[in-house]
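Starting from the structure of chain A, add chain B where the hints point.
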Amino acid sequence: MLRNRGIVFKLIALVVTAGGFIFLCVFGYSYFFSRRTIEENINESARNLAQATVGRIEASLRSVQKIPLNDRYFVESTPLDPAALHDLLFNVLESNADICGAAIAFEPGKRQNVRGFAPYVYRSEWTIAFTELASERIDYTLADWYQIPRELSGPEWSEPYYGEGQDRTLKSTYSVPFYMTAKGQKRLAGVIAVDISLKRLQAIVSSVKVLQTGYAFLISQNGTVVTHPRSELIMNATIFGMAEEAGDTSLRELGRRMIKGESGLVPLGPGPLGSASLMYYAPIPSNNWSLAVVFPVAELMADVRRFNMIAFILAVAGLAALSGAVVIIAHSITRPLRTMAQAAGHIAEGNFDAPLPVSLSGDEVGVMTKAFEDMRISLKDYIERLTETTAAKQAIESELKVAREIQMSIIPKTFPSFPAGTGVDMHAWIEPARDVGGDFYDFFFLDRSRLCAIIADVSDKGVPASLFMAVTKTLIKAKAAPGKAPGDVLTTVNNELATGSETNMFVTVFFAVLDLKTGELLYANGGHNPPILIRSQGKPMPIEKTGNPVVGVIEGIEYGSKGLTLYPGDMLLLFTDGVTEAVNLRGELFGDERLLKELSAAADPSPSGRIEAVRQALARHSEGAPQADDITMLAVRYEGPLMEREG
Amino acid sequence: MKVETKKENEVTVATVIGRMDALTTSEVERTLMSLLDQGEMKLLIDLDGLDYISSAGLRTLLATAKRMKQRSGIMAFANLKGHAKEVFEISGFYSLFTVYDSVESALEQLGR
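Chains as they are written, first to last, in the numbering used here: chain A, -18 to 628; chain B, 398 to 509.
Looking at chain A on its own, in the form it has when it is part of the complex (with noise of 0.2 Å):
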C-alpha cells in the first residue's frame, strides 16, 4: 500500500502512526492510573464523610436519649406525685432545645385511674404548655409510642412522623418503658416518651454537600426517606417504593442492606436517586435509621475528563506539528531529490552538460549530489574517451579489414587454378580464427613442369603475424629456383627470418616442389605438420617427416630434403595445425585419425571434394564452438604427366 507512495507520504504515515501509538500508550497509563486514584480517594472521603456525618446523628440522638433514661430513675423511685411530674417535664423541655415535646405515660389501672394519666408538655408557638393526654377521646395506650417499647420492654425510637397542632414538624418519638415493683414482681408502669424535631437531623444531613450534585439523605427502619434535597420525597416515598416504581432490582437489595444496617460502597446507575453515582450508606446505631451518601461519579471524573480533553487536543497538535515539520524536513530531502531525478534524465538522454542542483549542505543528499556531481563529469570523461576509443578502434578495425583483404588478395584462391591438361588438380580452403590471420598457403610453377607447394604457419595471429606471412611468402618465391633443393630453399629462408630477429616469431613450413614430368616430388619441412599423401589406392598416410625445427628462430640450421614419388590419382594434403587442434565445446581435439578418417571416407575424391569433406566434419565436432586458430588445407592431386603426353 505505501509501495508507491512518496516520501512525505510514509514519513508522514510512519511518524503518525508511532507517535498516535505512544500517545495513546501513555495517554491510557495515565487515565486508567488517575482514574483509579480518584475513585480511591472517592472510597476514602465517602467512607470518612458518612462516618463523620453518622457520629454527628448518633450524639444529637445519644444526648436526646439520656434524658428520659435519668428520668425513669426519678419516676421509678419517687411516689407518685403530679406537680413534681409536671416541673420534671417542664425542666426537660426548656433545659433542651432539641425536645419539641415530653410525656410520662402512666399504664392504666384496673380500679383506680382507668383512663390512665399522661401529663404532656409540649412546645406551643411561644411558650411551653401543658396537657393532659388521656381523655375520653383518645386511648394512648393505642398510640405507637405507648405500645411498641411496651411489648418490646426496651426503648425505642419512633417512626418519623408530622406533629399535629400549627406547627407540623417532623418529629420522632424516643419512648422509654419504666417499671414499679410491687409485691416482688416488677411490672411495666408506664412510658416515658420525648418527641424531638428532625429538623436538626436534617440539618446535619443537608449540611453534607459533594460538589455541586453529591448529597446525603437519611432513611428510617421502614425505608421511609426522613432526609433528602427533593423536600417532596420526605415521609412521602420509601427507598422500597422508588425501587418498585423503576424497577430497579439491585436499589431494592440496597433498601434491604441498608435497614439491616449493613455499610458499603455501591456504584449507581442513573435511576431514582440521581446520574450515575457512588453511594455510601451506613447504619445510625441509635434508631438503626440509615445514611447513604451518594458522589456523582461525572462530577468526580469531570477533572480527569477534562485532562484528558486536553491531553487530547495536545496530542492532535502536536501530532499536526509534528507531521508538518515531517512534511518540512521530507520536503528537503526531496526536493533535491526531484531535482536531481530530472537532471538524472536529462543525463540519461546524453546531455552530460545538465546542471545539476547545487548543495551546500553536508547531509546525506548534499553527499548524493556531489557524488552524482563526480559521476556526471566522470561519466561526461568516460563517454568522450569512450567515443574517441570506438572512432579508434573502429579506424583499427577498417584497417584489419583492409589488412585481412590485403591478405587475402595475396593467397591465391581461384580453383581451378591451371587450365585442363596441366597434370595437376588443386583445392584450397582458408579460415582466419581472427581478422588477420598466421596461416598461409602458396603455389606456383618454377618452370614449365615444376610445381611448388607451399603451407605455412606463423607463430601468432593478428597483423604482425601476417606481416611475417606476408615475408616469409615473398622470401620463399624469391629464394625457390629451379634446381635449388627444397631443404636449401628453407635454410636460406630460415637464416633471412632469423637474423636480428627479436620478435621470436617463428612460422613452420612445408615446401615441396612436384615435377609434373616424372611424378617425383621433393619436400622439405620446417616443424609443420607432415601432409597427407592419400594413394589412389590405399589408405591415407602422414609422409615421412625430416626432423629440422620450425624457421625464422635459429640462424644456421640446415634443413634437409626428402622425396616421394607421385603416381596418377596420388593426391598429397597439406594442412595446418588448426585442422587437428580443433576443439570442441567439451575440448576435444579433432584429431589426426579422424582427419585420416575423414579423408579415405569423403564421397567425392577430388581435391575439393576431400576439403569439402573434412570442412564439414569440422563444422559437425566444433559444435560451435569458437574457432581457436586458423584452419588451412591445400589438396594437390597429380593427374599424370599429360604435358608430355602432348609435348
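Hints are computed from structural coordinates only; laboratory data are not their basis.
We put the CB at the ideal spot given by N, CA and C, even for glycine.
It is possible that part of the hints are untrue.
[Claimed, not checked] Rough simulated footprint, nothing fancy, chain B against chain A, three-plus residues with beta-carbon under 8 Å:
no.: 1; stretch: 482 to 489
no.: 2; stretch: 507 to 514
no.: 3; stretch: 529 to 536
[Unchecked claim] Within a straight-line C-alpha distance of at most 16 Å, the following computed EDC-like cross-link-like pairs (lysine to aspartate or glutamate) qualify:
no.: 4; chain 1: A; residue 1: K526; chain 2: B; residue 2: E483
no.: 5; chain 1: B; residue 1: K466; chain 2: A; residue 2: E483
no.: 6; chain 1: A; residue 1: K361; chain 2: A; residue 2: D334
no.: 7; chain 1: A; residue 1: K526; chain 2: B; residue 2: E486
Positioned in the frame of chain A, the structure of chain B alone reads:
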C-alpha cells in the same frame, strides 16, 4: 594452467601443468621470465603435466631458450609425452633442445 618451481642444487625445475595455448601461455612466460631475471643459469622444464601446447606455447619456450642462450645458460626439457611430444617432434624442437626422459636423469646430467 599453473607453473610450480623448485630448486634442485643449482638447477631450477619448472613444472608446467595444464594447457599452454594463446590464452594461458602468457602466465608461463611471466613465470619463466622472472626465473631468468633472478639469474637462474640452469633451467629444466618438466612437461609431465602438459596436456596441450599450441604454437604460441612453443614461441614462449623458444623465447625463453633464446634469452637463456644469450647469457650462456642452459635450458632443457624433461618428461615429454602425448601431444606435447608429438608437437615437439613435428616442429623439430627435438633438434633445437635437449630433452631428457625424466627429471632425475636431467638433474644428473645438468648437475655436472
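Checked hints:
1. 482 to 489: holds (count 4)
2. 507 to 514: holds (count 5)
3. 529 to 536: Coverage by chain B holds here, the residue count being 5 at a Cβ distance below 8 Å.
4. A:K526 - B:E483: The hint holds at about 12 Å.
5. B:K466 - A:E483: Roughly 14 Å between the alpha carbons, so the hint for K466 of chain B and E483 of chain A holds.
6. A:K361 - A:D334: Holds: K361 of chain A and D334 of chain A sit about 8 Å apart, inside 16 Å.
7. A:K526 - B:E486: Status holds; Cα separation ~9 Å.
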